[in-house]
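Protein chains: 6
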Amino acid sequence: MFFHHRDLAYTVRVDKPNPVFARMLQQAIGGPEGELRVMTQYMFQGFGYRGPKKYRDLLLSTATEEMGHVEVLATAVAMNLEGAKSEMVDEVITNPAVAARMGALEPRHFLTGGLAALPSDANGVPFSAGYVDTGGNLIANMRANVAAEAIGRTLAARLLEMTDDPGMQDMLRFLIARDTMHQQQWLAVLEELGPEMATNAPGDLENAPDQQDNAYAYFNHLMDSPAPVDARWTSGPSFDGKGTFSVKEPAPPLGQEPDLQPAPPEVHAGVDATGNVARSAMGRFVRGVTDKVTPSS
Amino acid sequence: MFFHHRDLAYTVRVDKPNPVFARMLQQAIGGPEGELRVMTQYMFQGFGYRGPKKYRDLLLSTATEEMGHVEVLATAVAMNLEGAKSEMVDEVITNPAVAARMGALEPRHFLTGGLAALPSDANGVPFSAGYVDTGGNLIANMRANVAAEAIGRTLAARLLEMTDDPGMQDMLRFLIARDTMHQQQWLAVLEELGPEMATNAPGDLENAPDQQDNAYAYFNHLMDSPAPVDARWTSGPSFDGKGTFSVKEPAPPLGQEPDLQPAPPEVHAGVDATGNVARSAMGRFVRGVTDKVTPSS
Amino acid sequence: MFFHHRDLAYTVRVDKPNPVFARMLQQAIGGPEGELRVMTQYMFQGFGYRGPKKYRDLLLSTATEEMGHVEVLATAVAMNLEGAKSEMVDEVITNPAVAARMGALEPRHFLTGGLAALPSDANGVPFSAGYVDTGGNLIANMRANVAAEAIGRTLAARLLEMTDDPGMQDMLRFLIARDTMHQQQWLAVLEELGPEMATNAPGDLENAPDQQDNAYAYFNHLMDSPAPVDARWTSGPSFDGKGTFSVKEPAPPLGQEPDLQPAPPEVHAGVDATGNVARSAMGRFVRGVTDKVTPSS
Amino acid sequence: MFFHHRDLAYTVRVDKPNPVFARMLQQAIGGPEGELRVMTQYMFQGFGYRGPKKYRDLLLSTATEEMGHVEVLATAVAMNLEGAKSEMVDEVITNPAVAARMGALEPRHFLTGGLAALPSDANGVPFSAGYVDTGGNLIANMRANVAAEAIGRTLAARLLEMTDDPGMQDMLRFLIARDTMHQQQWLAVLEELGPEMATNAPGDLENAPDQQDNAYAYFNHLMDSPAPVDARWTSGPSFDGKGTFSVKEPAPPLGQEPDLQPAPPEVHAGVDATGNVARSAMGRFVRGVTDKVTPSS
Amino acid sequence: MFFHHRDLAYTVRVDKPNPVFARMLQQAIGGPEGELRVMTQYMFQGFGYRGPKKYRDLLLSTATEEMGHVEVLATAVAMNLEGAKSEMVDEVITNPAVAARMGALEPRHFLTGGLAALPSDANGVPFSAGYVDTGGNLIANMRANVAAEAIGRTLAARLLEMTDDPGMQDMLRFLIARDTMHQQQWLAVLEELGPEMATNAPGDLENAPDQQDNAYAYFNHLMDSPAPVDARWTSGPSFDGKGTFSVKEPAPPLGQEPDLQPAPPEVHAGVDATGNVARSAMGRFVRGVTDKVTPSS
Amino acid sequence: MFFHHRDLAYTVRVDKPNPVFARMLQQAIGGPEGELRVMTQYMFQGFGYRGPKKYRDLLLSTATEEMGHVEVLATAVAMNLEGAKSEMVDEVITNPAVAARMGALEPRHFLTGGLAALPSDANGVPFSAGYVDTGGNLIANMRANVAAEAIGRTLAARLLEMTDDPGMQDMLRFLIARDTMHQQQWLAVLEELGPEMATNAPGDLENAPDQQDNAYAYFNHLMDSPAPVDARWTSGPSFDGKGTFSVKEPAPPLGQEPDLQPAPPEVHAGVDATGNVARSAMGRFVRGVTDKVTPSS
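Taken in order, these protein sequences are the chains called A, B, C, D, E and F. Each residue of the first sequence is one higher than the last, beginning at 73 in the working numbering. Each residue of the second sequence is one higher than the last, beginning at 73 in the working numbering. Each residue of the third sequence is one higher than the last, beginning at 73 in the working numbering. Each residue of the fourth sequence is one higher than the last, beginning at 73 in the working numbering. Each residue of the fifth sequence is one higher than the last, beginning at 73 in the working numbering. Each residue of the sixth sequence is one higher than the last, beginning at 73 in the working numbering.
Calculated from the structure, these hints are not laboratory results. Take the hints with a grain of salt, since some may be wrong.
For lysine-lysine, the following DSS-like pairs were computed, each having C-alpha atoms within a straight-line distance of at most 25 Å [what the hints assert, rightly or not]:
1) E:320 x F:126
2) C:320 x D:125
3) B:320 x A:320
4) B:320 x A:125
5) D:126 x C:320
For clarity, every value in this text was computed on a predicted model and none was experimentally measured.
In isolation and in its complexed conformation, chain A is listed as follows:
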């Protein structure tokens, strides 16, 4: 279970309230790059983890930290929407070039939130748990988590470029530091698991012997650009130590031309696509109870 502490995970200080920047911060709350995503991702990876307790703890501790980051950012949004403490706010809002470039205000900050953060992104698109990556496998999950933090730190870097507010800069530098550690810690788990396993998730599945060629060959699908001869992925040993990179150029069509059966009449696929064929496996349930055909239909 969880507990809440009165103090924020990091100081939120807004020297020049800037509602345009409040909109930008929403991307770090509810976007695919945001804290609600990693919070939910680590929660569910942790809740369902069946291996050593130390990995479960790591996932849940970090999920709990991310909850606090959501709080930090939501507080920052609310404070950027607050009454101006100085004339500097005019500089932001009444400088229409700045406002116009930055995409202006998120109207729902006023209409819906009443000057509060919302669980959505910089364009007002609601957070979706469809953003969450999980593979039910520690290696796949660690890969997803490194990626989420790498993307998150990139977003924070760009947010840092968008503000001159010293308080906001300080907060973002803290979040950037934490995104550093989080990238490092998920990589640390991968190192513990070893490259043989960790560079080819899931580590407990070997490629079939007759697919060994396809498992380490670069298939070039470009009609015009030959694969580079000196790239790391066209020659040399693979990272899992189980193969050697090669190139297939052009990418070979290893399959047949598709030739689907016509549809049975009950599908109403049209006369052009209907054959005098046996009912499909699926078609069998059609009229399944009595199996009779009604003339008028």
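For this one, chain A is given, so just place chains B, C, D, E and F on it according to the hints.
Using the frame of chain A, we list chains B, C, D, E and F on its own:
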């Protein structure tokens, strides 16, 4: 631009059409782990890439390969929905325990597709581009791509466990082999970029000096489980070579207790939350044209 | 079935067409606070209601009224997108500070609608029936309906603050009046059902005797802020007349530490999380038909 | 900020693992009636609240409690997906009538989660923050929160009807008890605010004098069913003490027949809908830089 | 505005309640092929139409009819979920092969609706207004409407194949008849507009002279299949009377190889993609207020 | 399978980079009117088509062409986000009236894409495969495809009105030309199928004899506007040659007043809606294993 070749990227052979398995295959087409996601992810990463041509080529060649995988899987779905070629289909469909366990049919395969694949997942949830991860940064993108392939190979491994059809097993083993190469090739790019950059995206942003401590410390948010002393992420050098792991236990509250200003009257936040305060920066646009207040509202 | 009458439910008059305000009005059409939501919510609650006809009538009559409100608002959007009837439009559009603050135009009003309203919110997010709350229970439904109208009236109050157009103000005051009545009428149903039932949906389910303590106790999860002694929810009788409020501080952990079983091999959860355990209930369907394991996978 | 405690908020005991019931429990995790919704709803309402600290505390304490309920339910899902501890699992899974009725398994529990809960509903639809209701107003928020708990308790009641597992019944009875208290506590806040304010959100907005009639009248939109004479909402005092209920039958069309202007040519609305009219306010930005028309377009 | 009539638009009679069929009917309510889609599509097309009143009337009359179809189908769902009137229900529910094939029950019919229809599809995916097609142009709208009815009638035809219930068959045959008329009536509008306009929306936009070749040529993108010589789209006059069909084989690459500029440093695109270039148009707003660069970032 | 060619399908030249226009172009990439929609729509219609090869080829060739259009537009977005090649960019960005009118920048072009296109629309809403229309029937599919191209050409016409950039105008005129051909080619398929079939999808389903009246009658649901006597849809032969148009005025209520059964107790529908009735067909699975009722629930 793109061209299409008549032959499939790999042979699709269905020995025992199984519409329940057709539903399962949909997850590999339109789920967050699926081919439409990686196809779209690599397309957009490639279309917008501004660096060396070889990375752009790698992204677009692989995007093009994934288009062919969507075709392979959609063909496999259609063939699994086809008329039974043998009595073996009865084994699947009339064994209600199997069907019930596997979640039964996707009704839209009949109702909407007329015995065809759909751009959705095993539960009929439509594919969303919200699944796509992109960071506008080669390192972040490579991390996202390794993750997507790691999750994709894990999904394919589980699909392989669900079928005894030799044709379907062969197709899945091919896709598993390709997911192997794709994990390897994205890791190869990261190796080319070097660990200093690649383990801490974006590589061109240094942590602020006063955040160095926070950038390599594990913050333990668990009230009861001390951080492990021997884990890779609690001591030793960081992967970017710029820090040494440490532990902060318990995680420190580095911020203040939030104290938001009351809302101005035009927000209608309720008497409990309204103060006699200056209009907020946002409130200024309220009645912005004339700035007069109408009594009756 | 339904019929349409030529006249609008209320006069729509736009003195100063303002396409920025057209964008704001979209929130009242297609947002979670909007008319499409209540229209759909009352329709489906009414279509499925199995009790006294007067409640069904109330739901469907109000649903029908809301259809007319969608029409009123869509007409208002279209008129705000129309050619200027006076020079006053310049004041709005060529005053970039106003436009920038209000978030500027919804590009799809031109690109998609050709100067018409769309079934989406102020940010162009399409209406989703996921916004609809329904509990299949008159009390739960009435609670959801009071909430929807309370939120809707708050939105309309804020829209009223954003316009000086007398016609738009008049229309919004009408909608605010109707949101008043709708809040009142749903509360009237709750009064008819009586507090014993209506304050604890579903009213036909008693709490288990051994959970009586948990049913009326405030669990304080804050590590630092003691529960207030004088709040209505920390002492005194409960509203359903069946308990007395108390406080549990701190909130008690009433459960165990989770200890999940390792996963069976067919899950490919990774060697760290895989045990030599019996197949899971779910795992049984894996390879269900033949139950044999293929070596190469 | 937040902390995590090793023990669950309530004991999770699964006597007969039942993966079909695991699917049902997902509705209480990621559906519009579920714990992710109330957790997110209370978090964001609390993070943005600008009034007395005791209400903020109440919101954040309860949000924190709901995080623990997500954990409880996710653990229950994982345990229902586990290997059978007894032969009783056969009863569930090999009784196809039960499985078929209950909608069978959620395939993503295996394919994606690897025997773990997911942030989605019983049909695998991902959680969306669009489910979250917030009004930026304490009264509107309390109404939304009573509604969410009323719907949540109704869902839990139905889940209780679907299981004979004593452990699952005990867990659900605990959650039902907590949904009781949560309904009561949000009602307690409304009582503190008083009926004049709380029955008509937002309480700080009076209806316009000329809309008084519309604010307390039931408009009957049914062509055939007269409004009931004895219903609470057709006569008697309103709950806010500011009006008396009346009936308008039939509902009056208070507006005009809409008469939209033709569209200007740049809209390409078709010759049927295009007039020789001044450019619309929106049309002005078309060709805004040079304002010239190109012949060939 | 709208009114409601007590009687349904068509008789709903359910001889054998079948909750599996109730799930199937949901596709016709809330799917992309369903009545909520056409209802919303025609409402918004009508509300925003700026041409002759007879087309607006046609759109709104049909929108109103579709509201009644939603009611008919929602009633049919509720009745299919009702208590068995005979032993025949056993035939459906206790025949697990049928249930399993048909995808079994929609659990939310019980969990959420309490035996009522929901605004979602056969897989429980909520209706989205993203399904709505509108072009803000009568021709484009009529094309979208013919398409929606063609798809809707196809869905109804397949639903008819899935039931032996005489009442359900009768209801579906009525809906099929109405989908016939609706296809015909939208085609009638297109005939009134004339082929020159109606076969090439928007009719008021001529192709540029130098694009005439591209406007009537079939570009063959298949590497292996030559375009058919005798197809209607490879030779002969075009339908708008303005061109003659031709073939370009293979499809010509008419553009250049893309060559994007490197990104400016503030984008943090990575050293591989960053150049010593002028700030981008977008980059200008970065640090826009002061334009100074902070060393530590 | 697919291959990629280095050259773009059409020249992309941007004379005056305009990041506001970049946002507008996104609608043509990821909106319901965009290229990702038609690309996905034609891919899946083609992959599942079971009739003559020439129609499958037509679908897949055009799907492949649309992939190239996505690339063209994504390149155009990236180039519009690039550094200014002249002072003309100032004209766009520093003219706040233009920027404000056009809705200003898409913040995610910088925050997420790092100056690249995204798979979303002009408001940043991610592409959803729910936009895809498919009927599993050649006629229905062709109708959907004509509609998609008619809407797409209308969108392109409006985009053309929004830019003075000669390069962008040229690119849009090319896309408009291709949307012309695509409308024509799908109509060509419909002509080949013949009006009897093609004007009433699915062509292989006749209306029931007793529904003949309803199949060709216009039902007028307007209470005030009589159906026009001279419209093409109120008299004369139908387009499928199987009926004669007529009018039913007012639209007849052909059904009964709904009268749903009360709910069984296990539904917890509330005492108002619960009867002493047999368990519903659905209710049977409640407590299905043991069928016993627990007193305390």
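Right, here's what the structure says about each hint:
1. E:320 x F:126: The hint holds at about 16 Å.
2. C:320 x D:125: With Cα atoms ~19 Å apart, residue 320 of chain C and residue 125 of chain D stay inside 25 Å; holds.
3. B:320 x A:320: Roughly 50 Å between the alpha carbons, so the hint for residue 320 of chain B and residue 320 of chain A is violated.
4. B:320 x A:125: holds, 19 Å
5. D:126 x C:320: It holds: about 16 Å lies between the C-alpha atoms, which stays within 25 Å.
The structure does not agree with numbered hint 3 stated previously, though it agrees with all others.
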